[in-house]
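With the hints as constraints, model all of the structure from the sequences given.
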Amino acid sequence: MKTKILILFFVLCLFNVASAQRMIGESSEKKYSAPPAKKTDKTPPVITISSPAVERGFKEVSNTESKITITGNASDESGVAEVKINDETATLQANNDFGMDLFLRVGENQFTVTVTDIKGNTSSQTFTIKRSNANVNPVVDKDVPQNVGKYYALLIGVSEYTDSRIPDLDGLPVKDAKRFEKILNDNYTFTEVLVLTNPTSKQILRALDDLRSKVTPSDNVLIFYAGHGDYDAKTDLGYWLPADAELGKYKDAWIYNSLLTDKLKEIDSKHTLLISDACFSGAIFKKRELPKESTQTQRQKYELKSRRAITSGTLKTVPNKSKFFEELS
Numbered sequence: 145m146k147t148k149i150l151i152l153f154f155v156l157c158l159f160n161v162a163s164a165q166r167m168i169g170e171s172s173e174k175k176y177s178a179p180p181a182k183k184t185d186k187t188p189p190v191i192t193i194s195s196p197a198v199e200r201g202f203k204e205v206s207n208t209e210s211k212i213t214i215t216g217n218a219s220d221e222s223g224v225a226e227v228k229i230n231d232e233t234a235t236l237q238a239n240n241d242f243g244m245d246l247f248l249r250v251g252e253n254q255f256t257v258t259v260t261d262i263k264g265n266t267s268s269q270t271f272t273i274k275r276s277n278a279n280v281n282p283v284v285d286k287d288v289p290q291n292v293g294k295y296y297a298l299l300i301g302v303s304e305y306t307d308s309r310i311p312d313l314d315g316l317p318v319k320d321a322k323r324f325e326k327i328l329n330d331n332y333t334f335t336e337v338l339v340l341t342n343p344t345s346k347q348i349l350r351a352l353d354d355l356r357s358k359v360t361p362s363d364n365v366l367i368f369y370a371g372h373g374d375y376d377a378k379t380d381l382g383y384w385l386p387a388d389a390e391l392g393k394y395k396d397a398w399i400y401n402s403l404l405t406d407k408l409k410e411i412d413s414k415h416t417l418l419i420s421d422a423c424f425s426g427a428i429f430k431k432r433e434l435p436k437e438s439t440q441t442q443r444q445k446y447e448l449k450s451r452r453a454i455t456s457g458t459l460k461t462v463p464n465k466s467k468f469f470e471e472l473s
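As numbered in the numbering used here, residues 145 to 473 make up the sequence shown, in order.
There could be a bad hint or two in this list.
[Said to hold, decoys possible] For each label pair, taking beta carbons as the anchor points, the in silico distance ranges come out as:
no.: 1; residue 1: Pro188; residue 2: Asp376; range: 13 to 23 Å
no.: 2; residue 1: Thr270; residue 2: Asp412; range: 54 to 64 Å
no.: 3; residue 1: Lys322; residue 2: Ser276; range: 23 to 33 Å
no.: 4; residue 1: Gly264; residue 2: Glu232; range: 36 to 46 Å
no.: 5; residue 1: Glu232; residue 2: Ile262; range: 14 to 24 Å
no.: 6; residue 1: Lys322; residue 2: Ser219; range: 48 to 58 Å
no.: 7; residue 1: Glu199; residue 2: Ser268; range: 12 to 22 Å
no.: 8; residue 1: Pro196; residue 2: Asp376; range: 34 to 44 Å
no.: 9; residue 1: Ser219; residue 2: Pro361; range: 52 to 62 Å
[As the list claims (entries may be wrong)] Heads up, simulated BS3-like pairs for lysine-lysine below, C-alpha to C-alpha not over 25 Å straight-line:
no.: 10; residue 1: Lys294; residue 2: Lys358
no.: 11; residue 1: Lys294; residue 2: Lys378
no.: 12; residue 1: Lys263; residue 2: Lys228
no.: 13; residue 1: Lys319; residue 2: Lys228
The hints are simulated quantities; they were obtained by calculation from the structure and are not laboratory data. Only a predicted model underlies this, so the values are computations on that prediction, with no experimental measurement involved. The beta-carbon is built from N, C-alpha and C at its ideal position, and this holds for glycine as well.
Written out as structure tokens, the structure is:
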């Protein structure tokens, strides 16, 4: 009996010692635990994207979805000042919900959501949405031909010149070309849109040769030029001035309108539209009489090859800040 009592007493002693050690350890952990993190003036805002539901920063949609709505919420203790999606300001609600409707071009579209708080801290999320050509069921109009081919665009903007005697154009033609690129990609289905910024004569002529090599008789071509132009009344010749053009007796880098029209003839497209926003650009087709409007059906008109030019003026100068492009876009 005494032996059992001694064993029980020994067990109770061990239990009390273990309990005391555990309590000391817990007390020690509480004593030295790190304090909760506090927001500082440099803590960035938090972004939550609610739509579209992207996975690992990527989402694919069908070709029928030409627009997409991006929605989400921005939170920050100091307050949210602004939300931008691809540098465009999104609508911000009182509860910091935001949203914006955006166009999707065929192919990959990258979107970046950037949130700025009132203290100037920013955070961003970037994701890609791919618009595919699959599962397309277009509405067929019997009066409109369906074999319209591909669409190619060459957009040229020349704002800066290597010859200091030729005044620069404050970057406006390049901005117009890039803005035109966005319009075509957001609103139309172009196979390829190539932008040349401040190109040389050689770069422009090679781009035209590239079009000649890839365009088929069923395809369509759009060419846009913004920059300096010139006209020689004595020889009745007009010119485009690329970035490497020089004033003086040497005009080897100038692009003659006659050379340009020959290059357009070499591009065996169904339809070619040239848009020229330059001084004296009306000289391009000065000697060509355009055919008068007829009463043919839409299909018969489309089957005829066409070469057309839209210019910002006839034989006169045009302003640096283009009113022509404002109406065009």
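Against the structure, the hints:
{"no.": "1", "hint": "Pro188 - Asp376: 13 to 23 Å", "in the structure": "60 Å, violated"}
{"no.": "2", "hint": "Thr270 - Asp412: 54 to 64 Å", "in the structure": "41 Å, violated"}
{"no.": "3", "hint": "Lys322 - Ser276: 23 to 33 Å", "in the structure": "26 Å, holds"}
{"no.": "4", "hint": "Gly264 - Glu232: 36 to 46 Å", "in the structure": "20 Å, violated"}
{"no.": "5", "hint": "Glu232 - Ile262: 14 to 24 Å", "in the structure": "20 Å, holds"}
{"no.": "6", "hint": "Lys322 - Ser219: 48 to 58 Å", "in the structure": "34 Å, violated"}
{"no.": "7", "hint": "Glu199 - Ser268: 12 to 22 Å", "in the structure": "19 Å, holds"}
{"no.": "8", "hint": "Pro196 - Asp376: 34 to 44 Å", "in the structure": "56 Å, violated"}
{"no.": "9", "hint": "Ser219 - Pro361: 52 to 62 Å", "in the structure": "57 Å, holds"}
{"no.": "10", "hint": "Lys294 - Lys358", "in the structure": "10 Å, holds"}
{"no.": "11", "hint": "Lys294 - Lys378", "in the structure": "41 Å, violated"}
{"no.": "12", "hint": "Lys263 - Lys228", "in the structure": "16 Å, holds"}
{"no.": "13", "hint": "Lys319 - Lys228", "in the structure": "21 Å, holds"}
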